[in-house]
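K.L.:
The residues making up each chain are set out below.
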Amino acid sequence: MLRCSALNENGDWENVKLGLYMTTDWKPAKITLSEWSRQFRAIPDELIKKFLYYQNPEWGIYLSPPATFMVYGARELKHLKFDNSLAALRLWGFLFNESERLFRAKQIGKRVIATMGDLGTIPIIIMSFPDCIPFYPECLWWAPFFNESNVLLDKASELGVPEAACFSKAVLSAFYKKAYFPRPDLLIAATGASCDDYSCIMQLLEEIGYHLFWVEIPSRRGRKEYFVGEEYVMTQEGLFYPKRFEKYLVQEYKRIWEKMVELTGVNDLTRLSKTIKQVNHLRQRVEKIKELSATAPIAPFPALELMEIEFGNLYGYADFDEWLDIMEMVLETIEDRVAKGLGVLSEDAIPIAWVTPSADPFLLNLVEDLGCRVVATEYLIRQALVKIKEDGDPFSALAHSFFNASLIGSTQERIRRIQDYINAGKITGVLITNVLGCSHCAMETRLIEKALQNVPVLAIDVPAPTGITEQLKTRIAAFVETMRDIWKS
Amino acid sequence: MTSRERFSLLVIDEQSDRCNVMPLITSHAATVSGIPLKRYYTDGQAMAEAQIIAIEKYRHDAISIFSEVGIIAEALGSEFIYPDDDLPVLKTPVLNKSSITSIKIPDPKSDGRLPLYLEAIDYTYKAVGDRIPILAYVPAPFTTGMMLAEPEKFLIATIKNSHQVKEIMEICLQAAIEFSYEIIDAGGLPIIVDPLASASVISPKTYKEFAWFYEKKLIDFLHRYDLDVILHICGDTTPIIDLLPETKADLISIDQVDLSLIRDKIGGKMRLIGNFDTSLLTFGDSSIIIEKTQEMVKEGMKNAKGYIAATGCEVPIKTPEENVKAFITAAKEAGLIWQEIKKETLPLSSE
Numbered sequence: 000m001l002r003c004s005a006l007n008e009n010g011d012w013e014n015v016k017l018g019l020y021m022t023t024d025w026k027p028a029k030i031t032l033s034e035w036s037r038q039f040r041a042i043p044d045e046l047i048k049k050f051l052y053y054q055n056p057e058w059g060i061y062l063s064p065p066a067t068f069m070v071y072g073a074r075e076l077k078h079l080k081f082d083n084s085l086a087a088l089r090l091w092g093f094l095f096n097e098s099e100r101l102f103r104a105k106q107i108g109k110r111v112i113a114t115m116g117d118l119g120t121i122p123i124i125i126m127s128f129p130d131c132i133p134f135y136p137e138c139l140w141w142a143p144f145f146n147e148s149n150v151l152l153d154k155a156s157e158l159g160v161p162e163a164a165c166f167s168k169a170v171l172s173a174f175y176k177k178a179y180f181p182r183p184d185l186l187i188a189a190t191g192a193s194c195d196d197y198s199c200i201m202q203l204l205e206e207i208g209y210h211l212f213w214v215e216i217p218s219r220r221g222r223k224e225y226f227v228g229e230e231y232v233m234t235q236e237g238l239f240y241p242k243r244f245e246k247y248l249v250q251e252y253k254r255i256w257e258k259m260v261e262l263t264g265v266n267d268l269t270r271l272s273k274t275i276k277q278v279n280h281l282r283q284r285v286e287k288i289k290e291l292s293a294t295a296p297i298a299p300f301p302a303l304e305l306m307e308i309e310f311g312n313l314y315g316y317a318d319f320d321e322w323l324d325i326m327e328m329v330l331e332t333i334e335d336r337v338a339k340g341l342g343v344l345s346e347d348a349i350p351i352a353w354v355t356p357s358a359d360p361f362l363l364n365l366v367e368d369l370g371c372r373v374v375a376t377e378y379l380i381r382q383a384l385v386k387i388k389e390d391g392d393p394f395s396a397l398a399h400s401f402f403n404a405s406l407i408g409s410t411q412e413r414i415r416r417i418q419d420y421i422n423a424g425k426i427t428g429v430l431i432t433n434v435l436g437c438s439h440c441a442m443e444t445r446l447i448e449k450a451l452q453n454v455p456v457l458a459i460d461v462p463a464p465t466g467i468t469e470q471l472k473t474r475i476a477a478f479v480e481t482m483r484d485i486w487k488s
Numbered sequence: 000m001t002s003r004e005r006f007s008l009l010v011i012d013e014q015s016d017r018c019n020v021m022p023l024i025t026s027h028a029a030t031v032s033g034i035p036l037k038r039y040y041t042d043g044q045a046m047a048e049a050q051i052i053a054i055e056k057y058r059h060d061a062i063s064i065f066s067e068v069g070i071i072a073e074a075l076g077s078e079f080i081y082p083d084d085d086l087p088v089l090k091t092p093v094l095n096k097s098s099i100t101s102i103k104i105p106d107p108k109s110d111g112r113l114p115l116y117l118e119a120i121d122y123t124y125k126a127v128g129d130r131i132p133i134l135a136y137v138p139a140p141f142t143t144g145m146m147l148a149e150p151e152k153f154l155i156a157t158i159k160n161s162h163q164v165k166e167i168m169e170i171c172l173q174a175a176i177e178f179s180y181e182i183i184d185a186g187g188l189p190i191i192v193d194p195l196a197s198a199s200v201i202s203p204k205t206y207k208e209f210a211w212f213y214e215k216k217l218i219d220f221l222h223r224y225d226l227d228v229i230l231h232i233c234g235d236t237t238p239i240i241d242l243l244p245e246t247k248a249d250l251i252s253i254d255q256v257d258l259s260l261i262r263d264k265i266g267g268k269m270r271l272i273g274n275f276d277t278s279l280l281t282f283g284d285s286s287i288i289i290e291k292t293q294e295m296v297k298e299g300m301k302n303a304k305g306y307i308a309a310t311g312c313e314v315p316i317k318t319p320e321e322n323v324k325a326f327i328t329a330a331k332e333a334g335l336i337w338q339e340i341k342k343e344t345l346p347l348s349s350e
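Going down the list, the sequences are from chains A and B.
The end of the first sequence is residue 488 by numbering that gives the first Met the number 0, with every number in the run present.
The end of the second sequence is residue 350 by numbering that gives the first Met the number 0, with every number in the run present.
Just chain B, with the same shape it has in the complex (with noise of 0.2 Å):
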């Protein structure tokens, strides 16, 4: 069974051969190539060229176009420095220098570096889009506007300008769904992603009233086009674990939180992604790797709605090859259904 063939079943309530294992593996795939960083997330063809070597690597279930979370933010505006070595950081937020009126929605095809995730989305869907899922992340509105002003004010300003910051909201939602359109007319399967919005960062008030209501937006706009819409939010998602069924959103792809105790509040509702401590897999020895892996996998097939196994956030940069290479081997064995495909064949689809 190809990726497709299996990520296809999963969201049509249909049991595959094995779980789906779809590792958040995004710029740790220039690591992995050889590609060096600050050319991953700057020529759109590097970065997907890296995606797929990693992909033939690893043999994991997606692949994930995506470097960072400033993407809209730079395309409206926002300055950012682009580091040899790391990604890129941002410098100067546009509502530094620019009033909101001021600012216009990017064109996906010409404005900052939309046009590279694009480039690398089309290349990729070329290459093997016929056997594996292109999952192309787009920054949620929340996150995006984050980055348009100076962050402490810009959440100081969600209590003392809430106005303000949803003027700023509606301009970042409909900068979302143009990227989107374009994602969607290349082959990609828009996966929202949402950082900011994490309890970890804000309260549950704020989180319902300036990011849920523009992640629910979005997620209708995707859910015209009859797509299957994966929202993730980093962080400690506990204390806005009711809100997340709300979002309509198909697949709930979570990271520091108790994966039974969100299976169990919401998982009748919701297909889980998640949730592995990407710090074991950065630091910790194989076998804990493994073993920890096993258990999640086994916890996370319990739910009704179904599941893939993912680590709770992107897969950090310079994770070594073999402990990511020993999750995604234990996530495969443990999500086994089909207890005759005992191994795989073909290179590329991870039959």
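Bound conformation, chain A alone (with noise of 0.2 Å):
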């Protein structure tokens, strides 16, 4: 167990858990950026100098508070709650210094390899071999928001990309801009499944100069209805799939393995079978937070943090073993919060599905400040979620995995999983944040909203930066006020 000198109740220091005793006042809350800085005047700087990403102690470190980031531009920092646990405090730290940490790891002669819109899978590939570090410039879609900025987007449409196009369009700006990440090693892009507008993204940054491997990943799982005469295989959430699908899969996967042989020098299968492994503890790790989370009689750690972890479990932002240190702590944090009874939002938060991620952060806060707890999520990512099989074929079981993901199925899967929610009793409403210019959205919401009659459902969609009106403001208070009057009865 990890251990530490911190403050007690008392105001003591003395060696307790980490993560659990930090200040003088411990009682789990959501806290501003102010609140932040002055609790950060308690930590120890032993304790700052613990923590480090790529355990590199001359630039490793990432323990800083949210005032430091915002100083750097992320400007809505200031209009955000935070969780005030020191594992929240790591948590984002962490977030915050990818940037700086892709740059360090060329820097000390790792290998930084781009993965692009297959979503969770490939990663795992990348990070078999050594000193390799993948990342998602997609999760750039959120810097605009975080910084209130837009820079990127309008660098993006001056690039070509109309403005109406999804906000996934300030990866391309990044890549013109060589601020946010190095120029990676290798640029590998997935076309099928990806959505319609980042596959244009992918093809436009060759046309600044990149190079891109491409691989491609069934653009639709099917039903099992259609596939006669032909073996079919159910994956781990009970979805089908052809049993070819997985054959080319495997074959662009191995592909991919060749490449980064070809890049490295190294081959050893050995290493894929570990990584998967390590994988499935952090995904172990973070489908108990989910449930602690969503089943806990108070919500023991806020929206916007969970949903910034389930995002990690796509790659571990750049240093797996941190995160996957990171998580323990939550977890740690989580589980004791949960024993004494502890949470973040009121006893009676309204119970709430969240259906595909909202690009502005702002908005989870927003919805749980209104009185709403979220339970349940659906953000398009099941794929990173569920457990790997650590027998048989590497390949084959990284692609079986994958085909529990959203993004090659239908609608109606998507819906089957929220109604599940409600049947089960466990939410009141839903809310859908639709991302502008998506070609899942457009048509996908209305589909759900549509199907989810027998309860509250609104959908939004998510305006540019710093675009969240009052008249918005409103649309989600009537939402949740509506909620209430059923939660109540």
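Be a bit skeptical, because a hint or two may be false.
[Claimed, not checked] Calculated pairs, BS3-like style, for lysine-lysine (alpha carbon to alpha carbon, straight line, at most 30 Å): (1) B:K215 with A:K49; (2) B:K207 with B:K103; (3) B:K56 with B:K103; (4) A:K49 with A:K339; (5) B:K159 with B:K108; (6) B:K304 with A:K49; (7) A:K48 with B:K96; (8) B:K215 with B:K152; (9) A:K77 with B:K215; (10) A:K176 with B:K125; (11) A:K176 with B:K207.
Derived from the structure by calculation, the hints contain no laboratory data.
Please dock the two separately framed chains into a single complex, following the hints provided.
P.N.:
Here it is as structure tokens:
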């Protein structure tokens, strides 16, 4: 168990479990940036130096309060509320440090590999090679919102992407500007299951001088009744796909493997099996975090942090080992809170499902502030949450796990998943945050909305940075009020 | 590339499109904007507006929230006169009328003119903070200490009554830390300025005992936040050159010293900022300014740890605009790194 000196309830330093008791006022809460800054004063220097990315004491420190990242341009942090645990502080510091981390990785001789569009599987292959760091450029779609800035979006427009395109266009600008991550040693672009706008963005990268290594992913899983006369397989989530899809995907993964062998000179398949075990360990931790967060009488952790955790499952934010350690601490914190009956929201918070991740993190704060609690999510990354088979051929295991992906499934599957929560009485309403320009959202949201007749459903288009109007807030508030009546009854 | 992107790359040892260009445009912004000087240093919004107008006009790479080094001393109780057409002048040092023990650590949100600085940071951060770093100047303990007493008496006390001076230094350090806390929460990057610790004013021995020690403590505090700390010392710093890296500042802003000498001695350990002669900037003609700027930038960019083209000290208030423009344009051209970037496109981004 990780231990160090920290302040107890009486304001005295003592040797206690990290993450649980860090200030004189350690009762779980969501706090503002300024409150975090005040709380940060109590953190001893040795604790700040204890947590390092890539274990580098010279520049690997990341335990900084949100104010640090605000100083460097993340303006939305001034308006957000954060969990007050040490675990959350690590989480935020680590997240906002990713850009620097990628540059440092390259400086110390690691290979930085951009994986685009596949959402969750290809990084496992990359991490199986020594000193290779995968990252998802698409995670930069949050940057314009965290920075409350149109810099990246405007640049994308200058580069020829239409204004109405998905916020993932920020990725094109980031590649153009060369200021957000180093030039990758390899760019792996997945086409097929990727959304339309993002496919265009990936193609445009070639226009500005990047060479992409293209792989194809089956664009749709299909339905069992269509697989007449052919072999099909059931996923861990009870979904079906034709066996030939798996064979095809295995071929594609092997192509990536060979490319990585060519790049690194290493060809050791046992490393892939080991990585799968490590990834499963992380996924189990995150599953437990999600489960406790959803089922505890009082929400033990905020929705915004939980969304970042869920996405961290994809690749560990470019330092898998450190991210895993952070997740251990988050889980420890949550378990402690649940055991003590403590949490960050009120006991009567209305349980809801959140469908499609919000481009603007502020919305997750807002909905909780209005009295809701997110107990179920459908963020289109199901494939990154399931356990991968650890026996047999590792490529087949990876392909099999990928077929749980929401992106290649039908809308009916997503509806069914949400309906299961409703039928189990776990949620009172559903909030869908549309992604502007996203090919999935345009039609799918309407279908989900229409299908879920038995609970209040609110679908909103997430506006561009700083675009959340009072009118939108009022719509959300009215939605919450509607649910409150149902929840009370 | 925006100024913020450019600066963010510099501090992690990466190359950007061109050299950062950050002349110390402080109160000169009042002249450029047409805002009366007295209003500039007594009204936070006016200070912010002046800075934004200056950056729109010059397209340099940082906002500089600052007027003069007495702000913390004033908040600690020293009295200043506010002339209409000049910067505040020390009238009555607090220790002329009170004892050390009666001095209270100021609340930056309410005492002296510290709140207006915070207002200016907040305003500029909201306006351009996504694209441009907001540098907020914090007088270092020694410089503040010199303004809590009659300067001559203070300097004599460093020899005859060092214990008392250190008591004062501790107060000044705490005040600087409290001010820095609020600056950071407002979105500003504190830049430590210690003009009165210059070797032009005090000996290296006095510097080490009374200035360096507290600069280092303040820098240690800022490093807890993992911030990249800039230390500016005016005048001649050659005699204290070996002590500068030991402050642990990440960037050192220098004034009247030989840039190549500093680079050779400490450049491998610190990023350098500087050091164009501000007299030449004010009184020289543009052709000389361009030539000397190019020479300076070429020297500075040889520094392994990185370099920011800047003036050695604040741009004098009445410096002709065309001279400042000549300096900035020349520095950008001489500091070009990525050859494909030929011109600036966006008015505020310095892209």
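K.L.:
Against this structure, judge whether each hint is valid.
P.N.:
Each hint tested on the structure:
1. B:K215 with A:K49: holds (22 Å)
2. B:K207 with B:K103: The hint holds at about 26 Å.
3. B:K56 with B:K103: Judged against 30 Å, a Cα distance of about 41 Å means the pair is violated.
4. A:K49 with A:K339: holds (27 Å)
5. B:K159 with B:K108: Judged against 30 Å, a Cα distance of about 36 Å means the pair is violated.
6. B:K304 with A:K49: Judged against 30 Å, a Cα distance of about 26 Å means the pair holds.
7. A:K48 with B:K96: Roughly 44 Å separates the two Cα atoms, so the pair is violated.
8. B:K215 with B:K152: holds (25 Å)
9. A:K77 with B:K215: holds (29 Å)
10. A:K176 with B:K125: holds (23 Å)
11. A:K176 with B:K207: Status violated; Cα separation ~43 Å.
Taken one by one, the earlier hints fail for this structure at numbers 3, 5, 7, 11, listed in ascending order.
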